Amino acid sequence: MAERCGVVGIGQTKYAAKRIDVSMPGLLREAALRALEDAELGWKDIDALVIGKAPDTFEGCMLPELYLSDALGGTGKPVLRVHTAGSVGGSTACVAASLIEAGIHDRVLTIAYEKQSESNAMWGLTISPPFGVAVVAGAGGFFAPIVRGYMRRSGAPEDTGIRTALKDRQNAHKNPYAHLQIDDVSYDMIKDSPMLWDPIRYLETCPSSDGACALVLARSDLAKKAPRPPAWVRSTAMRSEPTMFAGRDTINPLAGRTAAKDLYAKAGIKNPRNEIDCAEIYVPFSWFEAMWMENLGFAPEGEGWKMVQEGATALGGDMPVNMSGGVLSSNPIGASGMIRFAEAAMQVRSQAGAHQVEGAKTALGHAYGGGSQYFSMWIVSSEIA
Amino acid sequence: MRDVAIVSFAQSNCAKETERNEVEILLPVVAEAVKASGLPRSEIGFTCSGSSDFLQGQPFAFVMALDAVGAWPPIKESHVEQDGAWALYEAWVKLQTGEVDSALVYSFGKSAAGDLAEVLALTLDPYCVAPLWPDADSIAALQARAFLEKTGKTERDLAEVAVRSRRDAKSNPHAVLKGDVTADELLAAPYVSSPLRAHDCPINCDGATAMVIVAGERAKKVVPRPVWIRGIDHRVDPPALGVRDLTRSPSTEIAAGKAGVGRDRIDFAEIYAPYTHQELILKEALGLTGGVTINPSGGALVAHTLMSCGLNRIGDAAARIMAGKGDRAVAHATQGPALQQNLVCVLEGE
Amino acid sequence: MGESIKSVVTPVHLEYDYSAGTATSRFLRGLAKKKIVGGECPSCQRVYVPPRGSCPRCAVPTAREVAVSDHGTVVTFSIVRVPSENLDFALPYACVSVLLDGAGLPFFHVVQRCPLEEVRMGMRVKARWVDDEKLGPTIASIECFVPSGEPDADYETYKEHG
Numbered sequence: 006m007a008e009r010c011g012v013v014g015i016g017q018t019k020y021a022a023k024r025i026d027v028s029m030p031g032l033l034r035e036a037a038l039r040a041l042e043d044a045e046l047g048w049k050d051i052d053a054l055v056i057g058k059a060p061d062t063f064e065g066c067m068l069p070e071l072y073l074s075d076a077l078g079g080t081g082k083p084v085l086r087v088h089t090a091g092s093v094g095g096s097t098a099c100v101a102a103s104l105i106e107a108g109i110h111d112r113v114l115t116i117a118y119e120k121q122s123e124s125n126a127m128w129g130l131t132i133s134p135p136f137g138v139a140v141v142a143g144a145g146g147f148f149a150p151i152v153r154g155y156m157r158r159s160g161a162p163e164d165t166g167i168r169t170a171l172k173d174r175q176n177a178h179k180n181p182y183a184h185l186q187i188d189d190v191s192y193d194m195i196k197d198s199p200m201l202w203d204p205i206r207y208l209e210t211c212p213s214s215d216g217a218c219a220l221v222l223a224r225s226d227l228a229k230k231a232p233r234p235p236a237w238v239r240s241t242a243m244r245s246e247p248t249m250f251a252g253r254d255t256i257n258p259l260a261g262r263t264a265a266k267d268l269y270a271k272a273g274i275k276n277p278r279n280e281i282d283c284a285e286i287y288v289p290f291s292w293f294e295a296m297w298m299e300n301l302g303f304a305p306e307g308e309g310w311k312m313v314q315e316g317a318t319a320l321g322g323d324m325p326v327n328m329s330g331g332v333l334s335s336n337p338i339g340a341s342g343m344i345r346f347a348e349a350a351m352q353v354r355s356q357a358g359a360h361q362v363e364g365a366k367t368a369l370g371h372a373y374g375g376g377s378q379y380f381s382m383w384i385v386s387s388e389i390a
Numbered sequence: 065m066r067d068v069a070i071v072s073f074a075q076s077n078c079a080k081e082t083e084r085n086e087v088e089i090l091l092p093v094v095a096e097a098v099k100a101s102g103l104p105r106s107e108i109g110f111t112c113s114g115s116s117d118f119l120q121g122q123p124f125a126f127v128m129a130l131d132a133v134g135a136w137p138p139i140k141e142s143h144v145e146q147d148g149a150w151a152l153y154e155a156w157v158k159l160q161t162g163e164v165d166s167a168l169v170y171s172f173g174k175s176a177a178g179d180l181a182e183v184l185a186l187t188l189d190p191y192c193v194a195p196l197w198p199d200a201d202s203i204a205a206l207q208a209r210a211f212l213e214k215t216g217k218t219e220r221d222l223a224e225v226a227v228r229s230r231r232d233a234k235s236n237p238h239a240v241l242k243g244d245v246t247a248d249e250l251l252a253a254p255y256v257s258s259p260l261r262a263h264d265c266p267i268n269c270d271g272a273t274a275m276v277i278v279a280g281e282r283a284k285k286v287v288p289r290p291v292w293i294r295g296i297d298h299r300v301d302p303p304a305l306g307v308r309d310l311t312r313s314p315s316t317e318i319a320a321g322k323a324g325v326g327r328d329r330i331d332f333a334e335i336y337a338p339y340t341h342q343e344l345i346l347k348e349a350l351g352l353t354g355g356v357t358i359n360p361s362g363g364a365l366v367a368h369t370l371m372s373c374g375l376n377r378i379g380d381a382a383a384r385i386m387a388g389k390g391d392r393a394v395a396h397a398t399q400g401p402a403l404q405q406n407l408v409c410v411l412e413g414e
Numbered sequence: 002m003g004e005s006i007k008s009v010v011t012p013v014h015l016e017y018d019y020s021a022g023t024a025t026s027r028f029l030r031g032l033a034k035k036k037i038v039g040g041e042c043p044s045c046q047r048v049y050v051p052p053r054g055s056c057p058r059c060a061v062p063t064a065r066e067v068a069v070s071d072h073g074t075v076v077t078f079s080i081v082r083v084p085s086e087n088l089d090f091a092l093p094y095a096c097v098s099v100l101l102d103g104a105g106l107p108f109f110h111v112v113q114r115c116p117l118e119e120v121r122m123g124m125r126v127k128a129r130w131v132d133d134e135k136l137g138p139t140i141a142s143i144e145c146f147v148p149s150g151e152p153d154a155d156y157e158t159y160k161e162h163g
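Chains as they are written, first to last, in the numbering used here: chain A, 6 to 390; chain B, 65 to 414; chain C, 2 to 163.
Incorrect hints may appear among the rest.
[To be verified] Stretch by stretch, here's where chain B covers chain C in the computed footprint (C-beta under 8 Å, at least three residues):
| no. | segment |
| --- | --- |
| 1 | 11–17 |
| 2 | 23–35 |
| 3 | 46–58 |
[Claimed, not checked] Calculated cross-link-like contacts (lysine to aspartate or glutamate; reagent style EDC-like; alpha-carbon spacing at most 20 Å):
| no. | chain 1 | residue 1 | chain 2 | residue 2 |
| --- | --- | --- | --- | --- |
| 4 | A | Lys-271 | B | Glu-163 |
| 5 | B | Lys-285 | B | Asp-67 |
| 6 | C | Lys-135 | C | Asp-71 |
| 7 | C | Lys-7 | A | Glu-35 |
| 8 | C | Lys-127 | C | Asp-153 |
| 9 | C | Lys-34 | C | Glu-4 |
| 10 | C | Lys-160 | A | Asp-254 |
| 11 | C | Lys-160 | A | Glu-45 |
| 12 | A | Lys-230 | A | Glu-45 |
| 13 | A | Lys-275 | A | Glu-388 |
| 14 | C | Lys-7 | A | Glu-308 |
| 15 | C | Lys-36 | C | Glu-157 |
| 16 | B | Lys-322 | A | Asp-50 |
| 17 | C | Lys-7 | B | Asp-67 |
| 18 | B | Lys-322 | A | Asp-52 |
Source of the hints: derived by calculation from the structure; they are not laboratory data.
All values reported here derive from a predicted model rather than from experimental measurement.
Heads up, the beta-carbon is just placed ideally off N, CA and C, and yes, glycines get one too.
Here chain A stands alone, though its shape is the one from the complex (with noise of 0.2 Å):
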């Protein structure tokens, strides 16, 4: 590898159900121009923008990246979209720090956005086939079966996913920038929230959110200079299999388990669970944290769930995960693995205030996206080597 790669700039949008206060530019300036200012540069200060979203259908509007390039400072730059379903928001960051490591580009904006309320996301989602039948309701009806298969293989209490879905949601109050942020959230209220997909229940799942999040992605004599201490990307990975196919388990795919081993053999990381201080994942509904901890190498086989009981995956645990509130509480969907990405580098940089893990020098940034088959992550570090 030619270079190396340094976050030096982060912004984020507040997320919300709908941002009717801005229109689709002007909710990525808000993240772009953060990530800008934390960077203290200036759009003429960029080499290309590597942009990534979900399908377009979410907001109506095709290749929406043309629209949306002199927005974002484009005019006579290259441009790259990048749409890898829900991962894409990591996949858009791994894109955008291999242009540096190629040593093709000085500086680099990426963003990942979803303004979803401007069209219809349950029924984007609700992938109605032709020549098929509409029986899978939108992506928790994918997952829920998934949930009770792995409900049956670990033996899991079944409270497991009322307990990250508190977590997570206790940790929100802690971001500013998160969308739900629920008074009094318990253990008893997320218990008793209607069950939409059974077993998963309202409280269990996340919302729907407009929002936007933007890196600047530097070389790294550059990233030695900028003003605030860079995120180093020590390793990225990513991996794909198909959707069906005869043998493939859903549960635990090995897409996500052989992009987490590569990953952390790239990274010179033997042993995960201590030398990676907090991990932002993936967990659009509470039950794949137990089961992501197992397929990430953090835990045995059939025992992620133990994890989560004993509170190891909490602020003050031994491996907090979702320290933000995690996609539980925020969700535009194209950015929301770019957002898990974005807070990782915060907390090697110290910057994620009242939800930062103390001492926090290396972590790991994970998104997965299609029917659990497309994985794209991090390892970001606040040390280069």
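Based on these hints, arrange chains B and C on the given structure of chain A.
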């Protein structure tokens, strides 16, 4: 920078594919490109594709395409919601990082499935322009009118581009429109959107394209004449039509400079010009003067598979070089209303 | 001075022609005759229902037609209660992943004519076809799945699928 070469290329185009779905069209094209690459599928380090959900009429349209590429065991893979030419760019960048040494690039789309010109209206400003539903042919026509008035070129000059393209397409098995026709015959037809007639507009069709690229010396070991990507760059112009001079393509000029078009002689160029007047604008922007052969394949006017047409230009140029019909060529791809975004690459045979 | 305009509603209506594809067309024509026809991969020998034209593991066409039973096992399920615009079934309903006997992987459908609390992993089900005059080349030829009355399948026989 690492040297990266195109080692194989395959495409399929047809007027309208009613029997097969996108995956079934893609499967043999990918198989052909992988086989011709000389690399076993398991050795290909990265896969990247280009496609559009709105074109397909389904969100997450690219997901089912994974079935055609053998993504098991899991693969390093990515996707851009852009023409395959940009998927090639992302793959080329991945090879530059040194993480992988080869990549499979593919794209597909059924442009004949919906009313493409209407669907493309959704790429315009969603607040002030798209609600008027200006179709893509009319947007191109605005540009054509401005171009004719500024340069003094005529509708006959545009028709001659179509005449030449169809004549050259006779030797292209993948072209959908081919044959001998005169400018007078073409000019007798009514306008589609003045000053453009049917022959000035692309022939939208269904199809898929695949290509394999390899870095370094390995390229020479797997095929007799790899085609090196000597330079590749892409740029974008502002979206608002009134803000730019539609008779020029500044993004193409910048990309051509960065890709090194002017550094040495060019034998021929494959330009993605879906409309006749755009070929003239782009030829100028690429700095191609004199007798450089333009679009020996016939170009987008004889086969326009949206999301693949740009990759097809690059592939057609590479195939021509591999066959010994030239040594150095320019290939170009465009996207967006009235040539808003452009990619240029310079190819050179071993 | 008028009010400032904060948003604009633009209805979008686009029509698309979809091709089922060769493999799906064979499958749908089979359904019109109350036959469930899968596609076998020549490389890994697994039978895909519905057939996908290409085996995702091996990237080769699943050209060989194999008849598959209309009896199967519920490998996992969910009870759907959340309203959505374009669903085909009335709420609440049991969305199930059914592994038909002879098939290599399950697919999504619904179980009806069964109290929701009785839907369970391992339950044996059979297809309920629509009346003859309503049969056609569409997945809707299968109205739903209903309990078949057989004893539950052993977890070991389906645990790799759910």
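We went through each hint and held it up to the structure:
no. : hint                  : verdict
1   : 11–17                 : holds (count 5)
2   : 23–35                 : holds (count 4)
3   : 46–58                 : holds (count 6)
4   : A:Lys-271 / B:Glu-163 : holds (10 Å)
5   : B:Lys-285 / B:Asp-67  : holds (14 Å)
6   : C:Lys-135 / C:Asp-71  : holds (18 Å)
7   : C:Lys-7 / A:Glu-35    : holds (17 Å)
8   : C:Lys-127 / C:Asp-153 : holds (13 Å)
9   : C:Lys-34 / C:Glu-4    : violated (62 Å)
10  : C:Lys-160 / A:Asp-254 : holds (10 Å)
11  : C:Lys-160 / A:Glu-45  : violated (54 Å)
12  : A:Lys-230 / A:Glu-45  : holds (11 Å)
13  : A:Lys-275 / A:Glu-388 : holds (17 Å)
14  : C:Lys-7 / A:Glu-308   : violated (50 Å)
15  : C:Lys-36 / C:Glu-157  : violated (28 Å)
16  : B:Lys-322 / A:Asp-50  : holds (18 Å)
17  : C:Lys-7 / B:Asp-67    : violated (51 Å)
18  : B:Lys-322 / A:Asp-52  : holds (13 Å)
Hint compliance for this structure: hints 9, 11, 14, 15, 17 are broken, all remaining hints hold.
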